[in-house]
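K.L.:
Here the protein sequences line up with chains A and B, keeping their order.
First residue of the first sequence: 1, per this note's numbering; consecutive thereafter.
First residue of the second sequence: 1001, per this note's numbering; consecutive thereafter.
For the record, the hints were derived by calculation from the structure and aren't laboratory data.
Ideal Cβ positions, reconstructed from N, Cα and C, are used throughout, including at glycine.
Among the hints, a few may not be true.
Straight-line distance between alpha carbons at most 16 Å, and here's what the computed EDC-like set of lysine to aspartate or glutamate pairs gives [stated by the list, open to error]:
hint	chain 1	residue 1	chain 2	residue 2
1	A	K24	A	E37
2	B	K1165	A	D101
3	A	K111	A	D98
4	A	K110	B	E1161
5	B	K1085	B	E1139
6	B	K1165	A	E32
7	A	K72	A	E87
8	A	K138	A	D98
9	A	K72	A	D27
FRET-style restraints, in silico, Cβ to Cβ [what the hints assert, rightly or not]:
hint	chain 1	residue 1	chain 2	residue 2	range
10	B	W1083	A	H265	36 to 42 Å
11	A	M139	B	L1018	39 to 45 Å
12	B	F1239	A	D19	45 to 51 Å
13	B	F1239	A	P22	50 to 56 Å
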Amino acid sequence: MKHPARISFQNVALEFSGDSGPVKVVDNVSYEIGNGEFVSVIGPSGCGKTTMMNMVAGFLQPTSGHVLIDGKPVKGPGPDRGVIFQEYGVFPWLTVHDNIDFGLTLSANKKSRTERHEICNRYMNLMGLSDFANAYPKMLSGGMRQRLAIARAYAVNPQFLLMDEPFGALDAQTRAHMQDLLLQVLQTEGKTVMLITHSVEEAVYMSSRIVVMTARPTRIREIIEVPFPYPRDPSLHEDPLFGQLRSRVRSMVMREYAAQARQTHEATD
Amino acid sequence: MLKRVALILAPWFVIVGLWYGLAYSGLINEALIPTPHAVATRFWELLTQARLPLDIWMSTQRVFLGVTLGITLAVPVGFVLGWYKQIRSFIDPLINFFRALPPIALIPLVVVYFGIGEFAKVVILFYASFFAGVIVMYEGIAQISPIYVRVARTLGATDSEIFRKVIIPLTVPHMLTALRVALGVAWATLVASELIAAQQGLGALIQNASSFFQLDIIYVGIICIGFIALAMDLSIRAFTRRLVSWQDRIA
Chain A
1 MKHPARISFQ NVALEFSGDS GPVKVVDNVS YEIGNGEFVS VIGPSGCGKT
51 TMMNMVAGFL QPTSGHVLID GKPVKGPGPD RGVIFQEYGV FPWLTVHDNI
101 DFGLTLSANK KSRTERHEIC NRYMNLMGLS DFANAYPKML SGGMRQRLAI
151 ARAYAVNPQF LLMDEPFGAL DAQTRAHMQD LLLQVLQTEG KTVMLITHSV
201 EEAVYMSSRI VVMTARPTRI REIIEVPFPY PRDPSLHEDP LFGQLRSRVR
251 SMVMREYAAQ ARQTHEATD
Chain B
1001 MLKRVALILA PWFVIVGLWY GLAYSGLINE ALIPTPHAVA TRFWELLTQA
1051 RLPLDIWMST QRVFLGVTLG ITLAVPVGFV LGWYKQIRSF IDPLINFFRA
1101 LPPIALIPLV VVYFGIGEFA KVVILFYASF FAGVIVMYEG IAQISPIYVR
1151 VARTLGATDS EIFRKVIIPL TVPHMLTALR VALGVAWATL VASELIAAQQ
1201 GLGALIQNAS SFFQLDIIYV GIICIGFIAL AMDLSIRAFT RRLVSWQDRI
1251 A
């Protein structure tokens, strides 16, 4: 890992209050994400991966331990951390152009009219949305909506990208295309990335490190370095080393899925 | 285009046809069913020589005033109820209690407290449109996905920016739907409100005609109410389409 750490989890635990007392979701998690790293967090569905991202985004506070950004505890959401959701969250009442422009009109990132114009055009170009500048989101496909959400997040120039299963709702082809597009954009405008995913293929293809989480209450099972250099291209999927790493991560994740299934089984018995 | 017009007009012709059929079938005493052309003649007579323009004006004015006041209150109240779930859980039964009361049942009380003037009629229409509007409004607001507010926060929006740039645009379509529903309910309540000793208005026209068994005038009154309500609804829908063209589906 390159130092110093940009995002760090220090003995983080989080409990939600459930019907029968507190439910522990995240249990004593510590790891760090360095500058410019692409870290994927993978684990069984519902294990608490999203909860970890929400703590970095500032939507949730840990019950104990600390979530730090550049050494300071996270207080709340802010434009330094762009968040991409699985359900896109593009504003349906704004055109493609105005969605990207939205963040630029806020007092937190005040920009001049010419700057806004340039930024909007740049990201519409980068994301292949220029022909749809005046279209409303209802006219866009799922892949285009997610491209728009990424363009909108990039427009306010965040240092971090936090992505919660961003391509989970897309079909396989669109998903592969979006992965390559995102890697390309990251090559030109680097960010420190935290990606929540349940796709082993996606995690191995895109990240520099993979954090494998256990079943709930989630802990770190293992942190895996992904040795392939950037820029990566789709031929990597055929590389035998890629295949080996993918199998290793997959069997780890499958064991956690099995553990989670046993838990659920016991709970319902 | 021609086909569209024909399709829109067809059901109306069917209704008029059935009406003629019934009137001439001899199944019902013909004094009880005025023919469509007799009603049309009476309509023209009332429109040109008598009170109909004033009746239409008075009724439209009352509906307009009642709905304007009702919606003006329903929008903020509906918004608060929709946005704050805790408040909704205990206010909801109260709203539904009052909404279930037919406005006509309140007329005796309205007469006691507000007399029989214009004000009393507007109070009834206000009541009807407020409760219709408030329900539509809060059901709509309660369904707004919290993701938009979250996204805006991650982009750096302050509370006031979120209100102006996210919540208001999401509220507008529900306001327009509430307005449409309230107008429908208000026209339906109009006759009831004009039962309160009204001299003018379409409800009063119908009331007076019934005292003299003038069935053709009753029909004229009913058809006028239907068409004016339809015209208002169509214009709000046209306005909605322009204003919120971003919506997937226009209510």
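K.L.:
List, from low to high, the hint numbers that the structure doesn't satisfy.
P.N.:
1, 6, 7, 9
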